[in-house]
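Protein sequences appear in the order of chains A and B.
Per my numbering, the very first residue in the first sequence carries number 1; after that it's consecutive.
Per my numbering, the very first residue in the second sequence carries number 1; after that it's consecutive.
Some clues are possibly wrong.
Intra- or inter-copy, both count: the list cannot distinguish identical chains.
[Said to hold, decoys possible] No farther apart than 27 Å at their CA atoms in a straight line, the calculated lysine-lysine pairs in the DSS-like style are these:
hint : residue 1 : residue 2
1    : K408      : K326
2    : K298      : K161
3    : K170      : K11
4    : K464      : K513
5    : K520      : K87
6    : K330      : K170
7    : K445      : K307
8    : K400      : K448
9    : K326      : K465
10   : K490      : K392
11   : K298      : K74
I should point out that these hints are in silico values taken from the structure, not numbers from a laboratory.
As the structure is a computational prediction, the values presented were derived from the model and not from experiment.
2 protein chains.
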Amino acid sequence: MSTVAEQLAQKQRDISVAEFFERNRHLLGFDNKRKALLTVVKEAVDNSIDACEEAKILPDISVEIIDMGNDRFKTIVEDNGPGIVKKNIPNVFAKLLYGSKFHRMLQQRGQQGIGISAAVLYAQLTTGRPARITSKTGKDEPAHYYELHIDTQKNVPQIIKDDVVEWSGKVSGVKIELDFEAIYQKGDQSVDAYLRETAITNPHATITYTTPRAEQFIFQRATSTLPPEAREIKPHPYGVEHGIMQKLLRNTQSRTMQQFLTTEFSRVSPFVAKEILVKSSIPNNSKPSDITHPQVEKMMSAIRDTKIMAPPTDCIVPIGAELLEKGLRKEVNAEFYTSITRAPEVYRGIPFVVECAVAFGGEQPKDESSRLLRYANRVPLLYQQGSCASFKAVAQTNWKQYGIPQTKGSLPQAPLTIVVHLASVWPPFTSEAKEAIAHYPEIIKEMKLAIQEVARRLAQYVRKKERVGAEGKKRSYIETYLPHVANALKNLLGISQKEESVVSSKLKEILEKKRGVLEKFDVDNPEYDEELASVGKDEIGADGEGNED
Amino acid sequence: MSTVAEQLAQKQRDISVAEFFERNRHLLGFDNKRKALLTVVKEAVDNSIDACEEAKILPDISVEIIDMGNDRFKTIVEDNGPGIVKKNIPNVFAKLLYGSKFHRMLQQRGQQGIGISAAVLYAQLTTGRPARITSKTGKDEPAHYYELHIDTQKNVPQIIKDDVVEWSGKVSGVKIELDFEAIYQKGDQSVDAYLRETAITNPHATITYTTPRAEQFIFQRATSTLPPEAREIKPHPYGVEHGIMQKLLRNTQSRTMQQFLTTEFSRVSPFVAKEILVKSSIPNNSKPSDITHPQVEKMMSAIRDTKIMAPPTDCIVPIGAELLEKGLRKEVNAEFYTSITRAPEVYRGIPFVVECAVAFGGEQPKDESSRLLRYANRVPLLYQQGSCASFKAVAQTNWKQYGIPQTKGSLPQAPLTIVVHLASVWPPFTSEAKEAIAHYPEIIKEMKLAIQEVARRLAQYVRKKERVGAEGKKRSYIETYLPHVANALKNLLGISQKEESVVSSKLKEILEKKRGVLEKFDVDNPEYDEELASVGKDEIGADGEGNED
């Protein structure tokens, strides 16, 4: 026996996913202490809103951050959601890759079953302190209190304390308390900014936020209507790859291939199923588990050759152009707003919708790069802008053609805020930290089309403003000369001083009649909320550690 | 019982890491078909070289890619490494997060136990075909042949075939054969480019490469000396976080705290251990498993307050400035080369070394952005340049100060190739695909210092060249006038035609004596290997799908 292979064999062993992420915690959004604070709050709040919406409860969320000194912070996030049943609490919070969202095709904020346990892992790693969870599932139910560690070598929860506690006045909900290393700073990539943006795209939620400086912001809900419920869908045959098809065949409850195709996929009617099976020379009543590799190959190409209706798109719940624009008006005091919600599209069998809005002029800085606000399933994305599909779509748009200055391949240089929102049952992120949308061509294309549409409308405004500006200049030029013309007439015709001023004002009248009244281009935005817009903005975020793309 | 919480509970379940990456395969470097080809080859070749080096065998690696039509490729990678023992073959190739590298602090190409099984997963997903593995561990050992699938729901290998085969003439080694969807293209981010760069930074390896177009390239080894063996180290106390310390305390074999500190960490002598324990008020002979959370807190701050020698750095094996420059000379025909290997540094208790080289002028394009070649542990990094610490270090260097034009925050604009290599027992990558180095301030700082040093030397060359250029211009200007001066003298003094030409040449002599002989700035690079430099370069890589940062 070769000694080397034997020696190596002794070192080969399992790596737990918790150990993997413990070492690679930057993959989960814990690269630095400033971002860590944001990531913890974001994972907790996203989960809370998801749970409330699933239970059809208007979210009431409280976020409290306490500065413990020495770069340590305590964060407490409490919601009024449905709560989590006792036996699942340890796994939900102290096991990576566990959850209700991964196996369903449903538009939600969370998706991977990593987020909140990653926060617990980070807290444990930096302070050694367990996560404290309280959960109550109904009025007459007890409140369960857990203290949890993650056994990283096995990726299983380690229960430090399991208790029943009083939670007076609470019907149902979850409270999570974590201690971890962090830095608090305001600015564009801060918890403050994240909560402000979240409040804007989730107008049905009330969020109470206490900063480490003990300031309190209450983002009051603007509507008591929950967004329409997102519907779960099945995979569309066009988006299913060979390996997935094999897995579905192995695991299906269906007894025949026809039944398999019609029940496991969306948009496969018995008629379509038959067509696929005929093309692949597979009898309708074959058992799915008997299908061979070559038969799968045939079926895959038969699917590609068969016309199948696009997947249902009512499973996607966009924010809506109107609401998106309203949110933008609250935050940015501009002259011109417009927004669009595109029709649903599909990539790899997965439906999605792109929305876009812009705010131009007004109080925005003139000679800087425009601001890009990115969202995925109503969640603001604050990091990795440069890697995001939405950035690429904006930067690759030729803004000059719409009258907006731009260095090629960059954000336009104008007093402009651009909002891009992707809603999907599965937004593809570039990392586990869900900070940027991957460069899928279908998604970028839709984003570009959305941007072009709002940019066209913007261009009309910008050109009109320019025209009026030019007219104004011309007019003021003519007006300057009117008295001189009148004076010249006085001398030529020998008219009196009085007649001269009559002539002068008549000339002015004629000018106005001829050229029309000048339109005004001012900020007129009663929805602007100065207080909201200032949240998180009293510091410059351009520090060394935190701000990055 | 709240129905909603109960309903949700039924949906909460485990997600296997294989399922997770199956859906998020772009995290593993399988975002698009072109990159997929590179990623598969890279994972296989990196593993092969690692195994050979660990077994002290000069690597002989063969890579064959066969175009099967319809965007399907078969890739066969074979090495002469130590082989893998039979019982571990299924786990090594068909289980994610399994391997010998993660749990050791040792400078290697692989690190996570994901790479090669990710390639197997991708092949299975896109073609449904199993991986074919042959392994032989010694001259008199049988060759084992496996066909493997990954059961993604459980992340365990599924053995399709397990056989003993003839492998004539083979002493030991591994062969892996995969079928998958891909696109083959030459250019900067191609398999060709990856193998060329690998050959350059691994001059002890011979790589035989057959392209899908049946071209064959043989990168012959340039040296028969293996690089010095990398040594495994223990963690340094400064780099250990609270959670890790708790885990180490729980798992140690040591009976006393003093023993624990001296055996589990590097650079902790009995003397240092005692100092730490005294400061934390922990008796030397306390049992590690009895240490409480507050005691760990105390010990962590005692460690920070204790002077501990920096970790050993002989565990790092850089390429070496000389070899790095030699490699660069082979590939780029330039006028000026220089290189540097910095002294080892430490981040989070992990030692690392930065190396840097530049090649200036010569046949490189004049008015384009410079080219940046990035390496980590001798592996070329071809994607995600914009997210890489090395890019940041180069772009944030003020090149103008070294006489090289640059737009602020970009790569310099000059006929320049810059090489940056990071060697470390654990290079922190920005994703599982290991394409870019994360922005650790300590690493960026070292990179900047290395770049500044080579840039200073480059500046001397550039300034000298400019000086000589200016002198040359001046001289040619004077020379233009010499005959006129001589002619004027002829007319003034009435000298003969012959005397005039004598005067003219005397004047020239005086000029040369006075101003010295002009230095020549030409390419003089006998090491340039035109054939090697052209590998992978016969197409422009700037296509829509493949080229991205």
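(message) If you test the structure against every hint from before, which numbers come out violated?
(response) Of the numbered hints, 1, 5, 6, 10 do not hold.
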